[in-house]
Structure formats: structure tokens, C-alpha cells
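S.K.: So the chains spell out like this:
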Amino acid sequence: EVQLQESGPGLVKPSQSLSLTCSVTGYSITSNYWGWIRKFPGNEMEYMGYITYTGSTTYNPSLKSRISITRDTSKNQFFLQLNSVTTEDTATYYCVRRGYDGTYYYRYFDYWGQGVMVTVSS
Amino acid sequence: IQMTQSPSLLSASVGDRVTLSCKAGQNINNYLAWYQQKLGEAPKLLIYNVNSLQTGIPSRFSGSGSGTDYTLTISSLQPEDVATYFCQQYNSWYTFGAGTKLELK
Chain P
25 EVQLQESGPG
35 LVKPSQSLSL
45 TCSVTGYSIT
55 SNYWGWIRKF
65 PGNEMEYMGY
75 ITYTGSTTYN
85 PSLKSRISIT
95 RDTSKNQFFL
105 QLNSVTTEDT
115 ATYYCVRRGY
125 DGTYYYRYFD
135 YWGQGVMVTV
145 SS
Chain E
1105 IQMTQSPSLL
1115 SASVGDRVTL
1125 SCKAGQNINN
1135 YLAWYQQKLG
1145 EAPKLLIYNV
1155 NSLQTGIPSR
1165 FSGSGSGTDY
1175 TLTISSLQPE
1185 DVATYFCQQY
1195 NSWYTFGAGT
1205 KLELK
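Just so you know, the protein sequences line up as chains P and E, in that order.
Each number in the numbering used here corresponds to the 1-based position in the first sequence with 24 added.
Each number in the numbering used here corresponds to the 1-based position in the second sequence with 1104 added.
Don't read these hints as lab results, they were simulated from the structure.
Incorrect hints may have been included.
[Stated by the list, open to error] Label-pair restraints from in silico Cβ distances:
| # | chain 1 | residue 1 | chain 2 | residue 2 | range |
| --- | --- | --- | --- | --- | --- |
| 1 | E | T1159 | P | T82 | 36 to 46 Å |
| 2 | E | S1115 | P | T78 | 44 to 54 Å |
| 3 | E | T1159 | P | T54 | 43 to 53 Å |
| 4 | E | Q1130 | P | T111 | 46 to 56 Å |
| 5 | P | G66 | E | E1207 | 32 to 42 Å |
| 6 | P | S43 | E | G1144 | 38 to 48 Å |
| 7 | P | K99 | E | R1164 | 37 to 47 Å |
| 8 | P | S43 | E | G1119 | 23 to 33 Å |
| 9 | E | L1208 | P | T78 | 41 to 51 Å |
| 10 | P | S146 | E | L1208 | 21 to 31 Å |
| 11 | E | E1184 | P | S89 | 42 to 52 Å |
| 12 | P | G66 | E | S1115 | 13 to 23 Å |
[Said to hold, decoys possible] Selected chain E positions facing chain P (Cβ under 8 Å, derived; list incomplete):
| # | residue |
| --- | --- |
| 13 | A1146 |
| 14 | L1149 |
| 15 | Q1158 |
| 16 | F1165 |
| 17 | D1173 |
| 18 | F1200 |
Quick reminder that beta carbons are idealized off the backbone N, C-alpha and C, glycines included.
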């Protein structure tokens, strides 16, 4: 069974960097597309970006100057780094896998992690 | 593309037919998914491409709609369906609705 699990600090100071890890079991990250979604306290959700099976990345234009998604295929993990955080980056962060029916990749998400709440505060 | 869900809170009884609405700010060409999130759990994909049921999801869940207006229907509400349901469009980038919280009356 495919499982995703986020980990990382729950508290980050303003202006610092937020770094999260998504550990994947049951499926290789050298296949499919792997992304990050965040849910703000008011329930709005934002798709932040993704890394593909080749290691290429695509980011939400609203975050492009601050975000980086990387991976470690030997550990089957991928990572989120968000720089220069403010209180507006306080959210629950989810890692996700893009939908796959065995033939095609789709742009919905068939596996999600449980999420990690990150608070930006001094 | 803005996604608007209604109602934000819905109370229903076991056995009721429940309908949740998701309205897109423009035509999303049927690129719509529905998710269920129970308290403390990861979101679960229910429906994709408007009306395709994800593997393992009970058949009481169904989706319909076109253009800008979409619906998730639960044909006979069960206690385990208490959750928040949200929609997502993937026609142009990815945007999500704010969710409908479904509770038992």
C-alpha cells in the first residue's frame, strides 16, 4: 500500500526557512509526480508545486521565488523548502501523489499524507 | 479558478440522500475531483473526472455535473460518512473548494 508521511518542525520563526520531508513507502518516487499542498487556517488550500519522476520541478507562480522541492531517491523521500516565511505561511502541509491508473497520470491526487501543522511565529 | 462549495455545513440523518455542491468560476471541462477528510486523517480521493469512482470507494458515492456546476451525492448516508468533503479542479493549475462539513442530525 502506498503511504506518505510528512515530518518536520512544527514551529518556524519569521524570515527563516521551512523544511519538510515526505517519506514514501509502498511506491518508488522515481515513478509518478509528487507534490505539496497546504491548507490555511481558514480552510483555503493551495497547491505549492511538484517534482516528477525525472526530478524536474514545477512551482506555483505565487511561490516561485521562495520554494524548492527536491528528492533523495535512495531514501524514497522528497522535500519542501520554503524560504523567508511569514505568519501567512502558517498552515497544515500535505504531501501528495498524482493520480495514476496504471497507464496515465492525472492531475488529481490519489494518495495524501496525514499532514503536518506548521506555525510561523516568533 | 475559484471553487465555491455549498453549503459549508450540512446536517443529515442516517439513510438520507445527501447532495453537496461545487461551483467553478469558469468552465473546468469536467476536470473535477472530490475528496473526503475525516478528523485527524489524510484526505481520501472519492471521485475523479466528475463521476469516476476511485477504487474501494462505496457505490453510495456518486458525482455529476458539467461546465461550472458539479455535485457529490451520497445515496444513503452512513455514520462513517461524517467528514468534510472538498472539491478540486484540475483544468487550469489546481484549486480547491473550502469544503462542506457533513454531520449527523
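S.K.: If a hint holds in the structure, say so; if it doesn't, say that too.
M.R.: Now for the hints, and whether the structure bears them out:
One distance hint, 36 to 46 Å for the beta-carbon pair T1159/E and T82/P, is violated here, with the actual separation near 27 Å. Checked against the hint of 44 to 54 Å, the C-beta distance between S1115/E and T78/P comes to roughly 48 Å, which is consistent with it. In this structure, T1159/E and T54/P break the distance hint of 43 to 53 Å, their C-beta atoms being roughly 23 Å apart. Between Q1130/E and T111/P the C-beta distance comes to about 32 Å, which lies outside the given range of 46 to 56 Å.
For G66/P and E1207/E, the Cβ-Cβ distance of about 20 Å falls outside the hinted range of 32 to 42 Å, so the restraint is violated. The beta-carbon spacing between S43/P and G1144/E, approximately 24 Å, falls outside the hinted interval of 38 to 48 Å. Checked against the hint of 37 to 47 Å, the C-beta distance between K99/P and R1164/E comes to roughly 40 Å, which is consistent with it. Between S43/P and G1119/E the beta carbons are some 48 Å apart, a value that contradicts the proposed interval 23 to 33 Å.
Range check, L1208/E to T78/P: Cβ separation about 47 Å, and the 41 to 51 Å hint holds. Separation of S146/P from L1208/E is about 42 Å and departs from the stated range, judged on CB atoms against 21 to 31 Å. The beta-carbon spacing between E1184/E and S89/P, approximately 43 Å, falls within the hinted interval of 42 to 52 Å. For the hinted restraint 13 to 23 Å between G66/P and S1115/E, the CB-CB distance of approximately 22 Å keeps it satisfied.
At about 4 Å, the closest approach between the beta carbon of A1146/E and any beta carbon in chain P falls short of 8 Å, and the interface hint on this residue holds. For L1149/E, the suggested interface contact is upheld, since its CB lies about 5 Å from the closest CB of chain P, less than 8 Å. At about 7 Å, the closest approach between the beta carbon of Q1158/E and any beta carbon in chain P falls short of 8 Å, and the interface hint on this residue holds. Of the supplied interface hints, the one on F1165/E is violated, with its beta-carbon coming no nearer than about 15 Å to a beta-carbon of chain P, more than 8 Å.
Look at D1173/E: its Cβ only gets to about 19 Å from chain P, farther than 8 Å, so that hint breaks. Contact between F1200/E and chain P, as hinted, is supported at the beta carbon level, the nearest pair being about 4 Å apart and thus within 8 Å.
In this structure, the earlier hints numbered 1, 3, 4, 5, 6, 8, 10, 16, 17 are contradicted, and the remaining ones agree with it.
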